[in-house]
Amino acid sequence: MQALVIAAHGSHLNPDASDPTYAHADTVRETGAFDEVREAFWKEEPHFREVIRTLESDEVFVVPLFISEGYFTEQVIPRELRLEEWDPDKWDSDGTSASQVTLEAEDVGKTIHYCGPVGTHDAMTDVIVQRAESVTEDPNVGDGFGLAVVGHGTERNENSAKAIEYHTERIREMDRFDEAKALFMDEEPEVDDVTDYFETEDIVVVPLFIADGYHTQEDIPEDMGLTEDYRLGWEVPADVDGHRIWYAGAVGTEGLMADVILERAADAGADIGDAVAAVREELSLETGADLEPSAEPGD
Amino acid sequence: MTTAPNHVEALLEAVDDGGAVAFDGLRIERAEDGYALETPDEEWTGLDADDLADALEPLSDYVTNWRYWQRAVGGEGTARRAFLRWCERAPLADVDGDDGDAETGAHPSVDEPLSVPERYAALREGLDREWGQLCLTARLVDDADDDPAGERVYDLWHVDDADSDLTQLEVYDDPRDAREISTYDEDGRYRPLKTAPTLPSGWAFTGLSGGELVETVEFFYPATVANWHRELRGTLDVDHWSETAERQTGIYDVLDEMPREAVEWMAEACCVDSQCLRRREWEFDEDEALDVDGGDGPFPCREPCSLVVAAARKWTILESEDEHTYELELTTSEYNQLAELIDAVAEGRTDEIREADVNDGANRFRARYLRAKRFDEEGDLEARRVDD
Ligand code: SF4
Numbered sequence: 158m159q160a161l162v163i164a165a166h167g168s169h170l171n172p173d174a175s176d177p178t179y180a181h182a183d184t185v186r187e188t189g190a191f192d193e194v195r196e197a198f199w200k201e202e203p204h205f206r207e208v209i210r211t212l213e214s215d216e217v218f219v220v221p222l223f224i225s226e227g228y229f230t231e232q233v234i235p236r237e238l239r240l241e242e243w244d245p246d247k248w249d250s251d252g253t254s255a256s257q258v259t260l261e262a263e264d265v266g267k268t269i270h271y272c273g274p275v276g277t278h279d280a281m282t283d284v285i286v287q288r289a290e291s292v293t294e295d296p297n298v299g300d301g302f303g304l305a306v307v308g309h310g311t312e313r314n315e316n317s318a319k320a321i322e323y324h325t326e327r328i329r330e331m332d333r334f335d336e337a338k339a340l341f342m343d344e345e346p347e348v349d350d351v352t353d354y355f356e357t358e359d360i361v362v363v364p365l366f367i368a369d370g371y372h373t374q375e376d377i378p379e380d381m382g383l384t385e386d387y388r389l390g391w392e393v394p395a396d397v398d399g400h401r402i403w404y405a406g407a408v409g410t411e412g413l414m415a416d417v418i419l420e421r422a423a424d425a426g427a428d429i430g431d432a433v434a435a436v437r438e439e440l441s442l443e444t445g446a447d448l449e450p451s452a453e454p455g456d
Numbered sequence: 087m088t089t090a091p092n093h094v095e096a097l098l099e100a101v102d103d104g105g106a107v108a109f110d111g112l113r114i115e116r117a118e119d120g121y122a123l124e125t126p127d128e129e130w131t132g133l134d135a136d137d138l139a140d141a142l143e144p145l146s147d148y149v150t151n152w153r154y155w156q157r158a159v160g161g162e163g164t165a166r167r168a169f170l171r172w173c174e175r176a177p178l179a180d181v182d183g184d185d186g187d188a189e190t191g192a193h194p195s196v197d198e199p200l201s202v203p204e205r206y207a208a209l210r211e212g213l214d215r216e217w218g219q220l221c222l223t224a225r226l227v228d229d230a231d232d233d234p235a236g237e238r239v240y241d242l243w244h245v246d247d248a249d250s251d252l253t254q255l256e257v258y259d260d261p262r263d264a265r266e267i268s269t270y271d272e273d274g275r276y277r278p279l280k281t282a283p284t285l286p287s288g289w290a291f292t293g294l295s296g297g298e299l300v301e302t303v304e305f306f307y308p309a310t311v312a313n314w315h316r317e318l319r320g321t322l323d324v325d326h327w328s329e330t331a332e333r334q335t336g337i338y339d340v341l342d343e344m345p346r347e348a349v350e351w352m353a354e355a356c357c358v359d360s361q362c363l364r365r366r367e368w369e370f371d372e373d374e375a376l377d378v379d380g381g382d383g384p385f386p387c388r389e390p391c392s393l394v395v396a397a398a399r400k401w402t403i404l405e406s407e408d409e410h411t412y413e414l415e416l417t418t419s420e421y422n423q424l425a426e427l428i429d430a431v432a433e434g435r436t437d438e439i440r441e442a443d444v445n446d447g448a449n450r451f452r453a454r455y456l457r458a459k460r461f462d463e464e465g466d467l468e469a470r471r472v473d474d
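Read top to bottom, the protein sequences are chains F and X. Going by our numbering, 405 is the number at position 248 of the first sequence; the sequence numbering is gapless. Going by our numbering, 362 is the number at position 276 of the second sequence; the sequence numbering is gapless.
Derived from the structure by calculation, the hints contain no laboratory data. Note that the structure is predicted; figures quoted are calculated from it, not measured. Misleading hints may appear alongside valid ones.
Per the computed footprint, the stretches of chain F lying under chain X, defined by three or more beta-carbons under 8 Å from a beta-carbon of chain X, are [stated by the list, open to error]:
id : region
1  : 200–212
2  : 227–237
3  : 324–336
We put the beta carbon where it would ideally sit given N, CA and C, even for glycine.
Based on the provided sequences and hints, a complete structural model is requested.
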């Protein structure tokens, strides 16, 4: 038997913070690829501390629903899961390349495949593009469009910016959008000045956050000038300084995220059969978009 | 419909494969002189295969009971199986699996087990159990449908709804709906602590399979089944306050500086039965119990939860402040009123105080009057620090 644990932050104050976690877990459940699928949280229940013992499977794949490698993925989650042998060096990562490491959870004697965060997986680039397609309702969006990937900024974690830049670079290499830029809330180049950084009239703005919340629903829309007051809402697209801003909201709410979770587990050796194809099929039925898998599961 | 003879065949196959089957009072053994069959009430020996099949016919409850547990439920040694056995007061001896000891009878959640005929009688009526604020009913599936004989299904509702008619409740059959139901209390407020005794009523899950029941319960009260099972087997691992505090990093790094007595106040504030259905099993540390009682909650709490950890950070910071002496002008009634206000908020009583009940010190108009009279222009309580 194999189990999937999606490890997310959650919130004591905001009941919506866990919505994307539940939604993606349900998508994976429906593929039937895992005998058990469980959500686990730092701030909600089941807590990281208790989750592994609720599983019957001996093989457990833990995928952190976090954007970047850093404090949570390197310290908090492994510690709380009681992965005694854990050491960040085992990921052998430059900040965006963590894949997986196999360890024992000390309290339960199960094999844990501890995966890198969803945010740095290559498949995440597709999710950002998919987000642009969803918000413009155009499966071919690209020509004449600029794309801004927005992150929090360095703060205490330099890897957070690396993840943003990594995907921006990959999108640039796709040659699909006229321009692609990494912007930040707390450092240069700042999302406040988004229109300064683009020649194109149309700009899709995709925040690389897991859940919609204070930053994506209040801060960023106000900072970009989409609205005076977030409570009044904003238009999509909204006119700002002669540009049309297509603001997408948190990328983590995109249905295709379930696919990244599956790919992470498959990279760590999970047998997921044709689950990735099933998820893409399901989503393309919902959205009408043509979703081709970018990578074979397990490769 | 799967008929009883098929169960008998499967049972006989199991006997032939293993030489014997012994389960919940039913015992069949293949001996030199034929089969031996035994229940708590009767005994046969020297049966040939046909005789055995005939003898089993009036024992169909034993046969379908064997089928349900050994074929449909399976999972020997798992928490899921133990929990489902507990639901119908079946003997829990096999919760130990291979390596456990036999202390299980002593657990407060465990009643005298029922024999197979007793259980079947109860299951035909529906056998009720309470799990926190949940009422669980195990029952036999009506023979009319496609389910094999002896199949159990489970219903689940709020204990407050145990006597309600189903038509008055919102009925669900997908375990995942439990997530939504348990997110908010009756007043629509977010419940970050799943074991807070504030689960709203008015809903029911019906016709769940055993696996679905456990899943649903786990969405309402995450990890309670696993920890109950560990407690039952005497293998519950407890992380006491000091270990939990020392483990913390980042903004919670300060936790190990929380004064000893503040840990007591915190346990008294958060971990009592009125606030949490978990029974606090953690103490200050392994050798030093807290004075505050852990409560009588049905679920063991094996370490401070994330809510308590987050609150502890706040209290650790607050406790690092120095104390001062203040002087303020209050009438005796106003002084008493301050105590009443704190008490009303701490007990979550403010919503219950009637608009016009001016006898209650925590009445809103009384509080507003006090504020109007005793607060200065900045909105602060008028007081003077006198110790410097
Ligand atoms: S730490 Fe206290 S409040 Fe938290 S779950 Fe345990 S008993 Fe309940």
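Run through the hints listed earlier and report the numbers of any the structure violates, in increasing order. Those not satisfied come down to hint 3.
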